[in-house]
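Q: Could you build the full structure based on these sequences and the hints that come with them?
What follows is each chain in one-letter form.
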Amino acid sequence: MEDLIADFVAECREMLESLGGEIVAWEAEPHDRARLDCIFRFVHTVKGNCGFFDFPRLETLSHAAEDALADVRAGRRSADAALVSAVLAVIDRIGEMIEIIERGEALPEGSDGDLIAALEEGAEAPVVETAPTLETETTSGGHGQAAPRTIRLSVELLDRVMSGVSDMVLARNELARRLREAPEDVAVAGAFERLSGIIAEMRDSITRTRMQRIENLFVALPRMVRDLSNELDKQVMIDIDGGDVELDREMIEMIRDPLTHIIRNAVDHGIEKPADRLAAGKREIGLLKVSARQSGNQILIDIVDDGKGIDGDRLVEKAIANNVLEAAAASEMSARDKLGLIFEAGLSTAQEVTAISGRGVGMDVVRSNVERIGGIVEVDSTLGAGTRMTLRVPLTLTIIPALTVSIGDQHFAIPRSAIEEIVRANGSSVTLERIGGAGVATIRGRRVPEIALADVLQLQSVMKDEERTLVVIRPAGGDTYALAVDRIHDHEELVVKPAAPAVMGTGLYAGTTLADDGSPILLFDPAGLAEVGGVKFEAAERAGRIAETQEAANDDAVEVLLFRSLGGERRAIRLGLVDRIEEVDVDCFSSAAGQLRVQLGDQILPLAGMASLDQLPASGRVRVFRLGDGDQELGYAFDEVLELDSLDHEITPAEHQGEVEGVTLVAGKPAELIDVHWLFADRLRAVAGKPKRQPVCCLPSDDMWMQNMLRPIVEAAGYRVVNVGSDEESIAELVVSTVDAEWPLPKEPGGATVLRLRNSADGDEESIYRYDRAGLLMALKTVTAAGGAK
Amino acid sequence: MNELLLIVSIAGSRVALPAAQVESVIELDALIPVPRAPHHVAGLSALRSRVLTVIDCQRSLGLGETTFEDGRIHEAAVVEIEGHHYALSVDAVEDVVEALSEPKEVRAAMGEGWERVSKGMVETEEGPLLLVSIDAVISGQPQVAAA
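Protein chains in written order, with our numbering: chain Y, 1 to 790; chain H, 1001 to 1147.
Keep in mind the hints are simulated off the structure, nothing from the lab. If you're wondering where the values come from, they're calculated on a predicted model, not measured in any experiment. C-beta: ideal position from N, C-alpha, C; glycine also. Incorrect hints may have been included.
[As the list claims (entries may be wrong)] Some chain Y residues close to chain H (C-beta under 10 angstroms, calculated; not the full set):
{"no.": "1", "residue": "Phe412"}
{"no.": "2", "residue": "Leu457"}
{"no.": "3", "residue": "Leu514"}
A: This is how it looks when you write it as structure tokens:
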């Protein structure tokens, strides 16, 4: 909370500072709409935050100013000298209060009635000079302000430091090359190693100063939604996903306000009161989903609620009433255009003005804020069923995983997120045809347009069509196509920067980046490639295609990454399990608590891929796969990546269970396939210290609530979940069912404890209300404890 | 204090660039070509950790073409415009001199390429020189001329 208040104070101060000039200018020119909007936004922000922090005095004051300014904005009132002075007095008072809050003191009792009265239409102009200030000393000097523990830096300075560090890394690489050529000198080599280590550490930390997990933005949301819903007598559950997407710090700051606004709107205007929800046949608890993901060269943040949706026709009525829209134009609007009206200034369908999201401010501010950073806000809504808002922001300066490919001897990068799969043009499941000069690839029965990268780029390539590799690409919002490239290289994490206008003007590229050896690489824009390559999109078929794609994803062709292990074996790992590849200094490996571990950033992960520390080289860096199961992570040390390929041969299973699942042919030669499940099972059990008893819980597989909501809780309590009707149901120690379900649920209930859940809060001892979290956890614990005692 | 000028030669002619805009002079080695980019964009190069967009001044002026594949070293002036770094590849970088006059209109007819990038003629100790607009060189020839 302290942090949040500090942020709030810092934000207000910044706004006050930048507002200083605006206020004076507004005084001179009261009809200047842009200035008015600026000041309005300030009081609106203050008001919104006050509601959250419980500064009632500040809230009343800012609310009053907002009301007055809203009238001016709506044209119901004109900005005369009296109003201007009154608003200025309010802003000054807000400034004083913020200073008090900053010093950590409570706001003194008192009334701002004088200032509020002055805002009334027709009020006498207040005598600002004699307006009583707060009854407290506002001289900050003698008060010994606590030294702040954080400082604000300009991003430009960070950029300079960052490019300095990058230069240092390149200089170090150069020095390393020279040292290798020179006669070995142990002392010099030792000093160089130390220098390398320090530089690497510096690079990591400076990179991290710019990049933030979007989680930092998301952590405050549950609390905000909780407070909002309490205030509004609503029940809202928030579900947050994708917090690990990394985003430029500046970008996070830029989307903080828009995101907050959208969520406030969703809770306030979107999700209905519990009684209305029940009447509409919905669960009384509204669901708000916030998720972030990367898509091509954009970060997408979805805010989805299952509330009452937006009434496009009512928006149109309002727009016409407010003279934003001509009646004639309205009749030609599509449903999407109508929804788009929500972003017009001064429009809101809410019947009443509330303290939460105000009156139609917000969405226009949201849009202008997002567009200022080159993003887009999209809205999609079904009346009665809910609303989806999507923020798309560019990835400038974000780190993206990319695949490097080449034509001839030039390398390019393709964003990994747009890649669906990689197949060989001469593989058994692929045929290439030319139809009227256009390429069509048939991949396991699915026809996709095929374009040769060499042709799009007008580059010479000696390779024949059928020797090429096809990268199947699905750009964000576009259709799938196959891109024929000469060779596939590595999977890399790249820091992408925008390229010069002349280069971006080709429409083919999303930016440039530097490879490890310091040479520039161009990153493709997958949608631009398709456009320049002449692929025609068929929007109408999109729905069918997505279903098809999902099927294809379940198909047997799994992408694998072929690599050489530390022991020199040719091994392969399923690509989807590799979160990223990191290079780690040998010092970061350790053997602790009976297990090998590796330090990656500020995390310590269990390590596989080697039996003892002796396998590590004496010094230098070792590559590590960061493997993730979506929840937990594991490191896997290896020597080098050889190739990306798809798994299209049979796997000969290994004789014993272990690290290697079996042997298969990859790129024509045998390779050992890593059994990642076994690794996780083995390493993570060891992490827990001792083999843990895992009780089994049986849940009905067709109950969505149980599968989506209850299951994570049950699993977190240490259970292994099996479905009703599965072979393992007989060993379940706990069976969960709804209160009215027919008994016996599992065919052989055995000695299982049965936990019955009911949907309403009222009920008897026989069952537990399904949102009684404490009760649920207690029941889960009881069974674990009882089972353990057996 | 008079404006400083960097004397370079482009397509055999000695011309002046405003030295204040030039960050440094570098030697270009291998370039990474940018397929489908406008003709005067010779490729990309890296200067320390920055990506430079290399502009071939000869091509920009429509006066020929610099070949970068011959293994020879090419000198280039590095400038920053709107946050992007460019390297202007020239035949040779000669000297820095002081301008002795304000740029004046050139009254004789110049070649079409030169006309477009000219900011006028300046007097220097080494005689009159054509002052070249860096922005105009970077934006290259109008699309019609390039086609």
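Q: Give a verdict on every hint.
A: Quick rundown of the hints versus the structure:
no.	hint	verdict
1	Phe412	holds (9 angstroms)
2	Leu457	holds (4 angstroms)
3	Leu514	holds (6 angstroms)
Violation of the numbered hints given earlier is absent; every hint is satisfied by the structure.
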